[in-house]
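> Build the complex: two chains, separate frames, hints provided.
Just so you know, the sequences run in chain order A and B.
Counting from 1, one number per residue, gives the positions in the first sequence under this note's numbering.
Counting from 1, one number per residue, gives the positions in the second sequence under this note's numbering.
These aren't lab readings, by the way, just hints derived from the structure by calculation.
Cβ atoms here follow ideal geometry from the backbone N, Cα and C, with glycine treated the same way.
There may be inaccurate statements among the hints.
Chain B stretches covered by chain A per the calculated footprint, using a threshold of three residues with CB under 8 Å from any CB of chain A [said to hold, decoys possible]:
# : segment
1 : 173 to 182
2 : 264 to 271
Computed list of lysine-lysine pairs in PhoX-like fashion (alpha-carbon distance at most 20 Å, straight line) [said to hold, decoys possible]:
#  : chain 1 : residue 1 : chain 2 : residue 2
3  : B       : Lys14     : B       : Lys90
4  : A       : Lys42     : B       : Lys277
5  : B       : Lys209    : A       : Lys234
6  : A       : Lys123    : A       : Lys25
7  : A       : Lys168    : A       : Lys147
8  : A       : Lys147    : A       : Lys127
9  : A       : Lys42     : A       : Lys80
10 : A       : Lys123    : A       : Lys147
11 : A       : Lys81     : A       : Lys42
12 : A       : Lys234    : B       : Lys52
13 : A       : Lys181    : A       : Lys168
14 : A       : Lys237    : B       : Lys52
Each chain, letter by letter, is given below.
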Amino acid sequence: MHQAEIILNEKVAHSIYLLRLRANKVAEGANPGQFLHVKCTKGPHPLLRRPFSIAGAHREEGTADIIYRVVGEGTSILSKKRPGEVLDIMGPLGRGFPLPLPGTLPLIVGGGVGVAPLLFLAKELNKAGLVGRAFLGFSTAREAFGKEIFETCGFSVELTTDDGTHGKRGFPTELLEDYLKSEKKVKAIVYACGPRMLLLKVKEIAVSFGILAYLSLEERMGCGIGACFGCAVKSAKGGYKKVCWDGPVFEAGEVEIW
Amino acid sequence: MVDLSVKIAGICLKNPVMVASGTFGFAREYSRMFDVNELGAVVTKGITLLPKEGNPPPRLFETTAGLLNSVGLENPGVEGFIRDEWPYLKTLQVPVIVNIAGETVEEYRRITQCLSPLEGISALEVNISCPNVEKGGMAFGRHPDSAYEVVRAVKEQSPFPVIAKLSPNVSDIREIALAVEEAGADAVSLINTILGMAVDVEKKRPVFKRVFAGLSGPAVKPIALRMVYEVYEAVRIPVIGMGGIFSWRDAVEFILAGASAVAVGSAIFSDPVAPLKIIRGLEDYAARNLQTRISDLVGLAHRNAAEF
Chain A
1 MHQAEIILNE
11 KVAHSIYLLR
21 LRANKVAEGA
31 NPGQFLHVKC
41 TKGPHPLLRR
51 PFSIAGAHRE
61 EGTADIIYRV
71 VGEGTSILSK
81 KRPGEVLDIM
91 GPLGRGFPLP
101 LPGTLPLIVG
111 GGVGVAPLLF
121 LAKELNKAGL
131 VGRAFLGFST
141 AREAFGKEIF
151 ETCGFSVELT
161 TDDGTHGKRG
171 FPTELLEDYL
181 KSEKKVKAIV
191 YACGPRMLLL
201 KVKEIAVSFG
211 ILAYLSLEER
221 MGCGIGACFG
231 CAVKSAKGGY
241 KKVCWDGPVF
251 EAGEVEIW
Chain B
1 MVDLSVKIAG
11 ICLKNPVMVA
21 SGTFGFAREY
31 SRMFDVNELG
41 AVVTKGITLL
51 PKEGNPPPRL
61 FETTAGLLNS
71 VGLENPGVEG
81 FIRDEWPYLK
91 TLQVPVIVNI
101 AGETVEEYRR
111 ITQCLSPLEG
121 ISALEVNISC
131 PNVEKGGMAF
141 GRHPDSAYEV
151 VRAVKEQSPF
161 PVIAKLSPNV
171 SDIREIALAV
181 EEAGADAVSL
191 INTILGMAVD
201 VEKKRPVFKR
211 VFAGLSGPAV
221 KPIALRMVYE
231 VYEAVRIPVI
241 GMGGIFSWRD
251 AVEFILAGAS
261 AVAVGSAIFS
271 DPVAPLKIIR
281 GLEDYAARNL
291 QTRISDLVGL
301 AHRNAAEF
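The shape of chain B in the complex, shown without the other chains (with noise of 0.2 Å):
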């Protein structure tokens, strides 16, 4: 029997599987179609101070390998949040993570005392790193002096333990992640999304409205791979990796790099059962190498790389 468990920030997951936020709605929707109970922890939609209501159509668009998205964090806002999705999301048997996002230090402060009072929030994951807004997001997570006061701030005020999301949209991940580690975050999950474009030839004219758009899926795997290998080197704090993980294979890869649980984000679209087969995989597979703990495989590659 291979034990799945693995223990970040202070939370205990069956199962190193989760939900990227953004791709798995408030849950509600995709347990009409699963057991969401069964993922290692479900992390929500972001979260802002006030309702938000996204960028104009069009929000999606299908690259070669790969989806841009451009929606802008579109969100109820923390009352809504609070009012209309907790009430089902505090029935799950398993670690909720709630991802919150604001235009200011002060935004990200009161977000936070908002969702203070709800016992059974299993930690924060801080977004300091969308790219689809025009004020805060990816903007704080960009430079390592504004990322450290953003999760200083949440840090705070939290009584859950807090996640710093990154953004791969860096020249170097590590200084943001060490400053995050410094500022107290219990973990950092990476990457988010990469900035990108696509141009309709026919108008002649950028795809989206804001132009640039956020990409994921299998292209940018090896991109995050390689994330998550830095990052994992430059800190103490567990890390979470995600992006372009479509099968069990992708996410051995990420643990071997370093992650100490995966998020499963695009491939939910292309196959909402997708977190369930990769954790059914990810069994078989330590099972197959005589591994009794999947933690035991967390940043191998990086000890097996020196015998090169």
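Chain A on its own, in the form it takes in the complex (with noise of 0.2 Å):
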């Protein structure tokens, strides 16, 4: 738990912020997939922090980001926090996306702000000499964002939006079917963040195409570190799992999306 100072809040696409913070442990520790658990508020109201998965770490500077979209009232009252206000945040926390090995072909599947954390992924399978492709999908246009540091980070993207205002129009995990259709042999790993039926879809996939996935799961928490049971999902081998200690990132096998 630890203090840290904002440096920059600013709106990144309709609803959708990015927030830096001056977290040295967090720039230093975190790995692509991890979440920061936010507290929105000095009181106690609203009750809960809020989990933010990181979307890029600088080292150098010591900073890290999140990016979040205005949902609620937490994301709302974080919307408003100025440059050199102090968050209190929880984190680096959760097990994050493990990297592929070489000579695999990286797949991000991102659907609406659920992109944040593969962005992240993306500048470190990027560091590691790999590159692949990025599938992201939005709502409509003016939502869309992240492409560009994809392509920074030598991955080719496409991107589809529902209503069609914005690449093609449908869900990017109809692009990441038709790829792996067309390329039959390519040797993938799919790294995926989303709303749950775009992670369902992801998962159907990949167990068709025989390919090993990794999702990125959402669910409201209580602690953060496993300590509460709050945030639950049912796990393949029965029981339940915690989203916050064993995930937000599970193997798809490893859970049951609903």
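Now the structure itself:
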């Protein structure tokens, strides 16, 4: 738990914000897929912290980014914070994305604000000399973000929107499926984050093509450190796993997405 | 120098601030964040005889000034607890109170038997108040007779002091408190969560699969405080107060209302070191009020109420 100064907090797309924090520990130790558990106010209301996946870590500057979508009270309060203000954060927390073996093609599938942790992942993959493809989906053009960052990391990017206002009309999972159909011999690994339907579809595709997929899950969280058992996801082996502690990234076969 | 120590059910606490069962896991999780030995006592998550998988998600829902939970007592069972959690817990320098729950009186009895050989348990907290399970839990705590029966059974088997954790979802909590005192409880702790619910307006159905869930947080504090006040007058055994304690001021209110010790629950999710801040705040408060012993404050509001 530490106090982190806000360096910037700006809109990057409709209702999507990028918040940069001065947080050496996060900048140095974070892995893609891990999250920060953020207290949005000083007082007891809203009661719970908000988990945000880390969208970037800048070791030299000692800063880290989160990208969030304004959906409710907590994120609305957060969006009004100004540089210089201080946020109480816990993290980096959770288990992130494992990097692929050399010679494996990373395929990234992101939906909406779920693209955030995948930006960090693309940067780390790039550092490790791995590039691949990114299939990104947004509900509409004005909510799209992140394309250039993937491109800077050497990824080829294809976009979809639900309403066809940007890129292809449809879902990024369709692009993934088309790609895998056309490139039958490729040895790929899939990394996905986004709405539940997207994760479900990615899991189906991964199973049918026999490839490994890692999914980053979202759930309401209490403690953020595996103590309260509040953020449960059904385990494929029976019982539940904790999204905050066992995840938020799971191999698709480990969990049952419903 | 203020003496923060208190004695409850034969256990000496170096300060009156404990953590509430279910919010602090098995202490190991939080030991990575701060020195849990600074707490007055640690209270574990509820343990059942057999492992329990808990309720399907969602399990949490935030409300105005509160938190609804429907975790459903997920826990590794008493054997798993002894194997995986006790080795760490027994290294703690502060009292460890193990919370136990069952579906039948016989289960409570058997869990107690399983735990009896563990040297180092300071007390058992008998959960007769969990609102999130199909059988047992709160069902026992809603009636004086069944509350008596469970506590009696545990008390007969237990080499440790026994604390009964009471449910607020009753018409008169004093009746239950009296029944468990009669059954031999060494202390009572209250309140467990208050039954509530939330409706998902998009899906047009209850948020939780079990429909009702347990409300905690600042929203329940006035109710918890009232119940502590009532129970303090009704029984002679010590009262451990909890329900929406977020600051030292909340803790002082509970102590003045009759709590010999307090427990911090939901506040830990907001601020993991809230209990430590509360301990420091209590010390300052007592010093400002020229109290040398925090225990002298217990129940003072009752005496002073007469002066209105």
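> All hints, please: hold or fail.
Hint check:
Only residues whose beta carbon comes within less than 8 Å of a beta carbon in chain A count, and the segment 173 to 182 of chain B has 0; fewer than three means the coverage is violated. Under a criterion of three residues with beta carbons nearer than 8 Å to beta carbons of chain A, the stated coverage of the segment 264 to 271 of chain B is upheld, 6 such residues being counted. Between Lys14(B) and Lys90(B), the direct Cα distance comes to roughly 17 Å. Compliance with the 20 Å bound is thereby established for this hinted pair. Between the alpha carbons of Lys42(A) and Lys277(B) the distance comes to roughly 14 Å, so the proposed pair stays at or under 20 Å and holds.
Proposed proximity of Lys209(B) and Lys234(A) is supported: the alpha carbons are some 14 Å apart, at most 20 Å. Distance check on the hinted pair: Lys123(A) and Lys25(A) sit about 18 Å apart at the alpha-carbon level, within 20 Å; holds. Between Lys168(A) and Lys147(A), the direct Cα distance comes to roughly 14 Å. Compliance with the 20 Å bound is thereby established for this hinted pair. Under the criterion of a C-alpha separation no larger than 20 Å, the hint pairing Lys147(A) with Lys127(A) is consistent with the structure, at around 18 Å.
About 14 Å separates the Cα atoms of Lys42(A) and Lys80(A), which keeps this hinted pair within 20 Å; it holds. Restraint check: the Cα-Cα separation between Lys123(A) and Lys147(A) comes to about 13 Å, which is no more than 20 Å; the hinted pair holds. Using a Cα cut-off of 20 Å, the hinted pair Lys81(A) and Lys42(A) holds, with the two alpha carbons roughly 12 Å apart. For the given pair, Lys234(A) sits about 14 Å from Lys52(B) by alpha-carbon distance, which is consistent with the 20 Å threshold.
Straight-line distance between C-alpha atoms of Lys181(A) and Lys168(A) comes to about 18 Å, which keeps the hinted pair within the 20 Å bound. At most 20 Å may separate the alpha-carbon atoms for a hinted pair to count; Lys237(A) and Lys52(B) meet this at roughly 14 Å.
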